[in-house]
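K.L.:
Build out the structure end to end from the sequences listed, making use of the hints.
Here the protein sequences come in this chain order: A and B.
For the first sequence, the working numbering gives the first residue as 6, with consecutive numbering after it.
For the second sequence, the working numbering gives the first residue as 2, with consecutive numbering after it.
By construction, these hints were calculated from the structure, which means they are not laboratory data.
Just to be clear, a hint being listed does not mean it is correct.
[Said to hold, decoys possible] As a list, the in silico DSBU-like pairs of lysine-lysine whose alpha-carbon atoms are at most 35 Å apart:
| no. | chain 1 | residue 1 | chain 2 | residue 2 |
| --- | --- | --- | --- | --- |
| 1 | A | 293 | A | 72 |
| 2 | B | 233 | B | 75 |
| 3 | B | 75 | A | 157 |
| 4 | B | 177 | B | 225 |
| 5 | B | 92 | A | 72 |
| 6 | B | 177 | B | 106 |
| 7 | B | 106 | A | 157 |
| 8 | B | 92 | A | 293 |
| 9 | A | 293 | A | 157 |
| 10 | B | 75 | B | 106 |
| 11 | B | 177 | A | 157 |
| 12 | B | 106 | B | 92 |
| 13 | B | 92 | B | 75 |
| 14 | B | 92 | B | 177 |
| 15 | B | 92 | A | 157 |
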Amino acid sequence: MAGTLAILGALRRLVRRDLTTIFSISWNNFFLFIVPIAAGGLVAIAPFVFLFGIVLLVPLCADPLHKVPPSRLNSWPLGPRERWALHAGSLALSPPFCIATLLLVLGAGTMSALIFLVVAVAVQGLSALANHAALRLPMLNPVRSVPQLPGKLGGVIRLAARQIFSVLDFYAAAILSLAATTYRIVAARPDPETFSVCALLVALGLSTFAQQMFGMDSDAGMARYRLMPLSGWQLLLGKDIAYFSVLTVLTAPLDLGAGLTFALSAVAVGRYSSLRLRSTQLRWRFVKGDIRFGVCQLIAGFVLGIGYERFGWRFFAGAAAAYGGSLAVGAAMWDRHQRL
Amino acid sequence: MIDCQDVVKRYRGLVAVDGVSVRVASGICALLGPNGAGKSILLGLLSGLITPDGGEITIAGVRLARSSFQVKQKIGVLPENLGLFDALTVKEHLELVGPIYGLGKGETGQRTDALLALFDLERSRNTFAGQCSHGMRKKLSLAMALLHNPRVLLLDEPFEGIDPTSVQSIQYLLTKIALRGVTVLLTSHLLPTIEQLTSQIVVLQQGRVVWSSANQGSGQSLRKQYFDRVEKPLLEDLPWLGH
Chain A
6 MAGTLAILGA LRRLVRRDLT TIFSISWNNF FLFIVPIAAG GLVAIAPFVF LFGIVLLVPL
66 CADPLHKVPP SRLNSWPLGP RERWALHAGS LALSPPFCIA TLLLVLGAGT MSALIFLVVA
126 VAVQGLSALA NHAALRLPML NPVRSVPQLP GKLGGVIRLA ARQIFSVLDF YAAAILSLAA
186 TTYRIVAARP DPETFSVCAL LVALGLSTFA QQMFGMDSDA GMARYRLMPL SGWQLLLGKD
246 IAYFSVLTVL TAPLDLGAGL TFALSAVAVG RYSSLRLRST QLRWRFVKGD IRFGVCQLIA
306 GFVLGIGYER FGWRFFAGAA AAYGGSLAVG AAMWDRHQRL
Chain B
2 MIDCQDVVKR YRGLVAVDGV SVRVASGICA LLGPNGAGKS ILLGLLSGLI TPDGGEITIA
62 GVRLARSSFQ VKQKIGVLPE NLGLFDALTV KEHLELVGPI YGLGKGETGQ RTDALLALFD
122 LERSRNTFAG QCSHGMRKKL SLAMALLHNP RVLLLDEPFE GIDPTSVQSI QYLLTKIALR
182 GVTVLLTSHL LPTIEQLTSQ IVVLQQGRVV WSSANQGSGQ SLRKQYFDRV EKPLLEDLPW
242 LGH
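P.N.:
Set out below in structure tokens:
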């Protein structure tokens, strides 16, 4: 049993570390945005909390035992009883089980705890099924559907778009966009001003990614970029085109101008952080940003976005000029410091 | 084709490469040495991934410090960390680099098919790099180094972790392209393979060149010369093992 306990002890540490990365949302622009709103009452932030809950459910429901490589687990001399104990212990360590227990302790009722557990198990099952299908039938993997665009930067754009699809920020922004578009289609007399606000919120949802454009590239990826005969501006432009393309799709049904104005300013502000403060970004997590750049992105994005909505294209042009400047400065930074 | 003079690289007070001068006019040259001798750092310096603290590097007639962009167009590199992206499949890696080196779609496709066939990667062409074995990843990285027909190849341990059949294919290919004027500098620990393949050997130890030979010449095997001149293996039993 000592072996099982040792493995469970290691699993507990892994789950704790994992939760730290899952809740790195505290440095995400979405979180920075809702904190001041929460001061006006928790009801005001309920839709955002619900949105985070939905998006975070997938990584939270993953089986902790999957963190141990199967080849390693199967090679350990554990008997059937010890393996059973390991599975039971792993279940007890899983975040959904802990949340359900917490719901029971807090008196939310057995039914709500049970419903939560059933939802968690269903999400875990669906997630495992999707992973299995993606491995067995790679053509079904939606990430693969991003095509290679023509031209020198086609491959860089495809890679950058796939990296955007690997962070939870994209899914939060996509759910917001889908909900607002549905409202636009279904509502009898939709309020036109809502669309601009929703477009800004969608752009806000992806703005933290603009601080970590190279976060998904490991050191190996960075080495490959450095080996490529590409100028700094070409590489940065390739990454930016992917970012703006994704945002164009998400904000086009709402207010493309406002969304892109926010996005241009977010990329301009995030450029320095992207190049100089690169940190490793894990897949299926919210992007962890820097509070200084996050606040600047929010202020610049909303001022220019609302300015575009109220006063027209001059604010869009201002954001585009800021973006152009950031591209020039960023390219010079890349070219100057591209070697270690 | 490859010329480095008095190259120095320091890391936090430690001299990783200490005044190394190597000249490879043509053919295949092997960089040998124990772990931590500075071989991979020297390859990083030659490929422009690492900036030297001193000395001068010239690749294919172009000074690296003056025009790294031009040098990058002429070299093919198998870096130590392989330089792969987990979010791209095997085939997509080659599709990524082809256009960057000015190859058209058709040419990239043809060369991709040929390289995948050569390295036995055809069945894995749609597998994400993150899901490939280490050997497959290394072969993919090597294919990326060859795709654009470079004049100089800088390969960090190209034979380690690769199946024997692929090792044979790579050896044959390197010999052929060296005869056609491509200069190859590689690192390895596989002494018998190096002995068969290379026309020049440079041995590094603690960041310095301790032995350099255009040909081995002495009639002794490379293995014996290496153990005699560089370091002898420690032959020691651990009595607690096997009881």
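K.L.:
Now, for every hint given, state plainly whether the structure supports it.
P.N.:
For each hint, the structure was consulted:
| no. | hint | in the structure |
| --- | --- | --- |
| 1 | A:293 / A:72 | holds, 22 Å |
| 2 | B:233 / B:75 | violated, 38 Å |
| 3 | B:75 / A:157 | holds, 17 Å |
| 4 | B:177 / B:225 | holds, 28 Å |
| 5 | B:92 / A:72 | holds, 29 Å |
| 6 | B:177 / B:106 | holds, 26 Å |
| 7 | B:106 / A:157 | holds, 10 Å |
| 8 | B:92 / A:293 | holds, 31 Å |
| 9 | A:293 / A:157 | holds, 31 Å |
| 10 | B:75 / B:106 | holds, 20 Å |
| 11 | B:177 / A:157 | holds, 30 Å |
| 12 | B:106 / B:92 | holds, 13 Å |
| 13 | B:92 / B:75 | holds, 22 Å |
| 14 | B:92 / B:177 | holds, 25 Å |
| 15 | B:92 / A:157 | holds, 16 Å |
This entry does not satisfy hint 2, going by the numbered hints stated previously; all others are met.
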